[in-house]
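A.B. asks: As a plain string of letters, each chain reads:
There are 2 protein chains.
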Amino acid sequence: MMDARATQAPSALHIGDIARRSGRSVHTIRWYETQGLMPGVVRDRGRRRVYSDYHIGWLDLMERLRLTGMSIRQLREYTALVKQGSASLPKRRALLAAHQLRVHAMIAKWTEALTLVDAKVEFYDEWMAGGRRPTVSPQQRARDKRSMPKA
Amino acid sequence: MMDARATQAPSALHIGDIARRSGRSVHTIRWYETQGLMPGVVRDRGRRRVYSDYHIGWLDLMERLRLTGMSIRQLREYTALVKQGSASLPKRRALLAAHQLRVHAMIAKWTEALTLVDAKVEFYDEWMAGGRRPTVSPQQRARDKRSMPKA
DNA sequence: GCTTGACCTAGAGTATGCTCTAGCTTGTTC
DNA sequence: GAACAAGCTAGAGCATACTCTAGGTCAAGC
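If you read the protein sequences in the order shown, they are chains D and P. Sequential numbering of the first sequence, starting at 1, is according to our numbering. Sequential numbering of the second sequence, starting at 1, is according to our numbering.
If you're looking for bench data, these hints aren't it; they were derived computationally from the structure. Careful: at least some of the hints might be erroneous.
[What the hints assert, rightly or not] Partner residues aside, some chain P positions facing chain D, computed with beta carbon under 10 Å: (1) R49; (2) H99; (3) M106; (4) K109; (5) T111; (6) L116; (7) V117.
As the structure is a computational prediction, the values presented were derived from the model and not from experiment. All C-beta atoms in this analysis are idealised placements derived from N, C-alpha and C, irrespective of residue type, glycine included.
Build the full structure now, drawing on both the sequences and the hints.
C.D. replies: Have a look at this one:
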């Protein structure tokens, strides 16, 4: 019977352990807490922060959300919902689903942006091969590619 | 004879025109220039910057490169190469190709990061449907998904 | 009981990428 | 030739996200 969070101790980690295992600095972890991004952190007699394995997983989630462009402000909102308990499940679900959509949209935007870079590389290849500036501009190539994909 | 820029005149645009047509502020365009990101800008008698249609396309490229995560520093390097003329074509080609690779790698990383978010949404759905916390953690689900995609 | 290392708080400093202000000049229009 | 829009330079200010410093406390080993 090893209950994970509430009070017990499946593992009692200090900030240095968490830093090492999450690949962050202790500074950063304390800063995350001041920003409201660390739920369920308790203190021991000496006022030291005590963490559990839960926080390793939590920081992994935070990292993935940050990586995919979620701001600290939004992470704070999400963390606040988590702190409210299961009553906030629909809101948490909605927040993450909205983020998924944003990330997919961003990937689409990036892919679109790459068409011009692709065209530019092609343009440079032709220029170098032919010895003079090609007549078809990269912008025109990019437009062509978008209007007839894979042609 | 309305000569625009010391040599020829396909179009003579002032900073306000460029700002309007590129969707940026005049401040930003001047700042881009101080950062070395605006090649071939000349001045008229009254010291005003004069642009051509070329710069509209240029700013479009800058925007796409920025959007896909290229830093101002790297844009500056690229711009410096463009200013050097055709001798720098191989270097420009290499710089853009390297950027393409980075963007593709980033998209892969993002897609990977999304697996946990997907799993989390699924986890919340089950939790809400079942009324209690599911036993399989989001982290475990994400691992499962990665080890056997589309199963 | 003293040293050492890890931890504490508060707050300053840094990097990036803009964004705007102040004060002045120039070009155009009436 | 006066008014006014648009441009100019230099530099300050701002948002985001850390990152680190200073000065002190606490716990464990010797």
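A.B. asks: So, for every hint listed, does it hold in this structure?
C.D. replies: Hint check:
1. Given hint, P:R49 at the interface with chain D, is violated; its Cβ is 22 Å from that chain's nearest Cβ, farther than 10 Å.
2. Interface restraint check for P:H99: the shortest CB-CB distance to chain D comes to about 6 Å, inside 10 Å, so the restraint holds.
3. Satisfaction of the interface hint for P:M106 is found here, the shortest Cβ-Cβ separation to chain D being roughly 8 Å, below the 10 Å cut-off.
4. The closest approach between the C-beta of P:K109 and any C-beta of chain D is roughly 7 Å, which is under the 10 Å cut-off, so the hint is satisfied.
5. Annotation: P:T111 was flagged as interfacial toward chain D, and the flag holds, the nearest CB pair being 7 Å apart, inside 10 Å.
6. The restraint placing P:L116 at the interface with chain D holds, with a minimum CB-CB distance near 5 Å, inside the 10 Å limit.
7. Interface restraint check: P:V117 against chain D, minimum CB-CB distance 6 Å, threshold 10 Å, status holds.
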